[in-house]
Amino acid sequence: MIENDYYFPTWEEVRKYIDGELLLPEKSIVLSFDDGAKSFLTVGAPLFDKYQIPVTSFLITSKDGEKKVATYETMFLQFQSHTHNMHRAGANIGHGGIFPVMPHDEAVADLRKSIEICGNGDALAYPYGDYNDACVAAVKEAGFLCAFTTQYGRVFPGDNPYLLPRIRISHGQSLASFIAAVE
-18 MIENDYYFPT
-8 WEEVRKYIDG
2 ELLLPEKSIV
12 LSFDDGAKSF
22 LTVGAPLFDK
32 YQIPVTSFLI
42 TSKDGEKKVA
52 TYETMFLQFQ
62 SHTHNMHRAG
72 ANIGHGGIFP
82 VMPHDEAVAD
92 LRKSIEICGN
102 GDALAYPYGD
112 YNDACVAAVK
122 EAGFLCAFTT
132 QYGRVFPGDN
142 PYLLPRIRIS
152 HGQSLASFIA
162 AVE
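Just so we're aligned, residue -18 is where the sequence shown starts under the working numbering, counting upward by one.
Rather than coming from a laboratory, the hints here were simulated on the basis of the structure.
Here a beta-carbon is modelled for each residue, glycine too, at the ideal position from N, C-alpha and C.
There's no promise every hint is true.
Stated by the list, open to error - Calculated pairs, EDC-like style, for lysine to aspartate or glutamate (alpha carbon to alpha carbon, straight line, at most 16 Å):
#, residue 1, residue 2
1, K8, E(-6)
2, K48, D16
3, K8, D103
4, K121, E87
5, K19, E54
What the hints assert, rightly or not - Label-pair ranges, simulated between beta-carbon atoms:
#, residue 1, residue 2, range
6, N73, D30, 36 to 44 Å
7, P27, E2, 20 to 28 Å
8, Y32, A90, 19 to 27 Å
9, T55, V82, 16 to 24 Å
10, L3, G124, 17 to 25 Å
11, V117, S151, 19 to 27 Å
12, N141, T52, 32 to 40 Å
13, E47, N73, 13 to 21 Å
14, E164, L3, 21 to 29 Å
With these hints in hand, go ahead and build the complete structure from the sequences.
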């Protein structure tokens, strides 16, 4: 990525790009990894540090979040919210995540707890990609700059900053398929 002149914008730059306040280079990419998996933190994250490539881990903070942030956060690895304790079943919307049916105040409190543990509230990845209008309202009230669904696609100026698509790469996909997806 470095040798191919990719630019790694901050979350603030992403939001300004969406709002039409900033142009980003054509080869801009934000690398993110969901769940705060120990395998990513112990194997993947050190490689990004070695090559000085910024990445985000969307962290489920109820799963040893404070310890993971204290142990693994670096200049090149930052933690963002995958909620505190909403990455669990409980609804019949989308993939069955509980967020869409939680009371508003409870959802906002959960999001703020995740912000507190992560140390910032720039970006959120919706658990299971499940959301509704109530979820978006809670995300806004909690103070996030942007939030990501599991809808496949690129981010463009004018997109809803709280319903952003992602280009997802799943376990087992080849390097060639990753390159094809981001080019």
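Here is what the structure says about each hint:
1. As the CA atoms of K8 and E(-6) are separated by approximately 14 Å, the hinted pair is consistent with the 16 Å bound.
2. Annotation: proposed proximity of K48 to D16 holds, straight-line Cα distance about 14 Å (limit 16 Å).
3. For the hint pairing K8 with D103, the CA-to-CA distance comes to about 22 Å; that exceeds 16 Å, so the pair is violated.
4. A distance of roughly 14 Å separates the Cα atoms of K121 and E87; the hinted pair therefore holds under the 16 Å criterion.
5. A C-alpha spacing of about 13 Å is found between K19 and E54, which places the hinted pair at or below 16 Å, so the restraint holds.
6. At about 41 Å, the CB distance of N73 to D30 agrees with the hint of 36 to 44 Å.
7. Taken as a hint, the range 20 to 28 Å is violated for the pair P27 and E2, whose Cβ atoms sit roughly 35 Å apart.
8. The hinted range of 19 to 27 Å is not satisfied by Y32 and A90, whose Cβ atoms lie roughly 38 Å apart.
9. The beta-carbon spacing between T55 and V82, approximately 36 Å, falls outside the hinted interval of 16 to 24 Å.
10. Distance hint check for L3 and G124: the Cβ-Cβ separation is about 20 Å, which falls inside the suggested range of 17 to 25 Å.
11. Evaluation of the 19 to 27 Å hint for V117 and S151 yields a pass: the beta carbon distance comes to about 25 Å.
12. For N141 paired with T52, a C-beta distance near 35 Å keeps the hint of 32 to 40 Å intact.
13. As the Cβ distance of E47 to N73 is approximately 32 Å, the hint placing it in 13 to 21 Å is violated.
14. In this structure the hint that E164 and L3 lie 21 to 29 Å apart at CB holds, the actual value being about 22 Å.
Consistency with the previously given hints fails for numbers 3, 7, 8, 9 and 13, ordered from lowest to highest.
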